[in-house]
Amino acid sequence: GQQLNQSPQSMFIQEGEDVSMNCTSSSIFNTWLWYKQDPGEGPVLLIALYKAGELTSNGRLTAQFGITRKDSFLNISASIPSDVGIYFCAGQRETSGSRLTFGEGTQLTVNP
Amino acid sequence: GAVVSQHPSRVICKSGTSVKIECRSLDFQATTMFWYRQFPKKSLMLMATSNEGSKATYEQGVEKDKFLINHASLTLSTLTVTSAHPEDSSFYICSAREGRAQAFFGQGTRLTVV
Numbered sequence: 039g040q041q042l043n044q045s046p047q048s049m050f051i052q053e054g055e056d057v058s059m060n061c062t063s064s065s066i067f068n069t070w071l072w073y074k075q076d077p078g079e080g081p082v083l084l085i086a087l088y089k090a091g092e093l094t095s096n097g098r099l100t101a102q103f104g105i106t107r108k109d110s111f112l113n114i115s116a117s118i119p120s121d122v123g124i125y126f127c128a129g130q131r132e133t134s135g136s137r138l139t140f141g142e143g144t145q146l147t148v149n150p
Numbered sequence: 174g175a176v177v178s179q180h181p182s183r184v185i186c187k188s189g190t191s192v193k194i195e196c197r198s199l200d201f202q203a204t205t206m207f208w209y210r211q212f213p214k215k216s217l218m219l220m221a222t223s224n225e226g227s228k229a230t231y232e233q234g235v236e237k238d239k240f241l242i243n244h245a246s247l248t249l250s251t252l253t254v255t256s257a258h259p260e261d262s263s264f265y266i267c268s269a270r271e272g273r274a275q276a277f278f279g280q281g282t283r284l285t286v287v
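Quick mapping for you: the protein sequence lines, in order, are chains A and B. All residue numbers for the first sequence refer to this note's numbering, where the first residue is 39 and numbers rise by one. All residue numbers for the second sequence refer to this note's numbering, where the first residue is 174 and numbers rise by one.
Next up, chain A with everything else stripped away, as it sits in the complex (with noise of 0.2 Å):
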């Protein structure tokens, strides 16, 4: 069963704000990564994580791998309305052969 805690579980924001989301595990995790999926499409990856303490930015977006390597969170700045959809953590280890456990989901939704 899922072993990530992803809160919140949705957010309503105003179009401009930040957002912030994040993940949680009970156990280690040698990889975070974070996906956003559209409505009937599939999740696209954002940003890939690799190592603990790393903070890696892509565009407004900006994710941080925990020193524990048991969370990660991800932000989002200046929020614009194509912002929303459905944002995922996944964490995979390299003794799972490179399955992915994922999050329950954040629903982003912006309003203009």
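Quick caveat, the hints were computed from the structure, so don't treat them as lab data. For every residue, glycine included, the Cβ atom is placed at its ideal position computed from N, Cα and C. Don't take every hint at face value.
[Said to hold, decoys possible] Chain A side only, calculated, beta carbon under 8 Å to chain B, not exhaustive:
1) 78
2) 80
3) 85
4) 86
5) 111
6) 136
7) 140
8) 141
9) 142
[Claimed, not checked] Here are the simulated DSBU-like pairs of lysine-lysine, each with C-alpha atoms no more than 30 Å apart in a straight line:
10) B/215 x A/89
11) B/193 x B/237
12) B/193 x B/215
13) B/215 x B/237
14) B/237 x B/214
15) A/74 x B/214
16) B/228 x B/239
17) B/228 x B/187
18) A/74 x B/215
19) B/187 x B/237
20) B/214 x A/108
21) A/74 x B/193
22) B/215 x A/108
Assemble chain B onto chain A, guided by the hints.
Just chain B now, kept in the frame of chain A:
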């Protein structure tokens, strides 16, 4: 990024029939492919992992005779839902990776069994 194409994007089938979903890697060799199932407003649940030329490894609780997976080439994997029933209606998503690179996801297939 790499392109993974899934077909069809939507399919409606009658109860008792079988339906095949294709997943193709368009610009890389997919040594490993993954099949997921997603219920509305829920996360992705891994169904099985397949390596090219080998039998798929199914997750606990996934019936291998119900969900037939074939990964006969480095660019194509298929998922066949056999004797489909309404409870099999769902969003099915594949992902593919080359070697140890990150996996890329297909667009998903919405299956409705009536």
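Quiz prompt | Cut-off 8 Å, beta-carbon criterion: hint that residue 78 of chain A touches chain B | solution = 7 Å, holds
Quiz item: Are the Cα positions of residue 214 of chain B and residue 108 of chain A separated by 30 Å at most?
Solution: Holds: residue 214 of chain B and residue 108 of chain A sit about 25 Å apart, inside 30 Å.
Quiz item: Was the hint right that residue 141 of chain A lines chain B, CB cutoff 8 Å?
Solution: 7 Å, holds
Exercise. Identify whether the interface hint at residue 86 of chain A stands, where standing means a beta carbon of chain B within less than 8 Å of its own.
Key: Hint on residue 86 of chain A: holds, closest Cβ of chain B at ~6 Å, below 8 Å.
Practice problem: Would you check the hint for residue 74 of chain A and residue 215 of chain B, treating anything up to 30 Å between C-alpha atoms as holding? | Solution: Since the Cα atoms of residue 74 of chain A and residue 215 of chain B sit roughly 14 Å apart, the hinted pair holds (cutoff 30 Å).
Exercise. Assess, step by step, whether the Cα of residue 237 of chain B is no farther than 30 Å from the Cα of residue 214 of chain B, and give holds or violated.
Key: The given pair, whose Cα atoms are some 25 Å apart, holds under the 30 Å limit.
Quiz prompt | Hinted contact residue 140 of chain A with chain B - closest CB pair below 8 Å | solution = With Cβ-Cβ at 5 Å, under 8 Å, it holds.
Quiz item: Given the hinted pair residue 228 of chain B and residue 239 of chain B, is their alpha-carbon gap at most 30 Å?
Solution: 15 Å, holds
Exercise. Quickly compare the C-alpha distance for residue 228 of chain B and residue 187 of chain B to 30 Å and report which way the hint goes.
Key: 28 Å, holds
Quiz item: Does residue 111 of chain A pass the interface check with chain B, least Cβ-Cβ distance below 8 Å?
Solution: 18 Å, violated
Quiz item: Hint check: is the beta carbon of residue 80 of chain A less than 8 Å from a beta carbon of chain B?
Solution: This hint holds: residue 80 of chain A lies near chain B, its Cβ roughly 4 Å from the closest one there, short of 8 Å.
Quiz item: Between residue 193 of chain B and residue 237 of chain B, does the CA-CA distance stay at or below 30 Å?
Solution: Satisfied, since the Cα-Cα distance of roughly 14 Å is no more than 30 Å.
The structure is inconsistent with the numbered hints 3, 5, although it conforms to all the rest.
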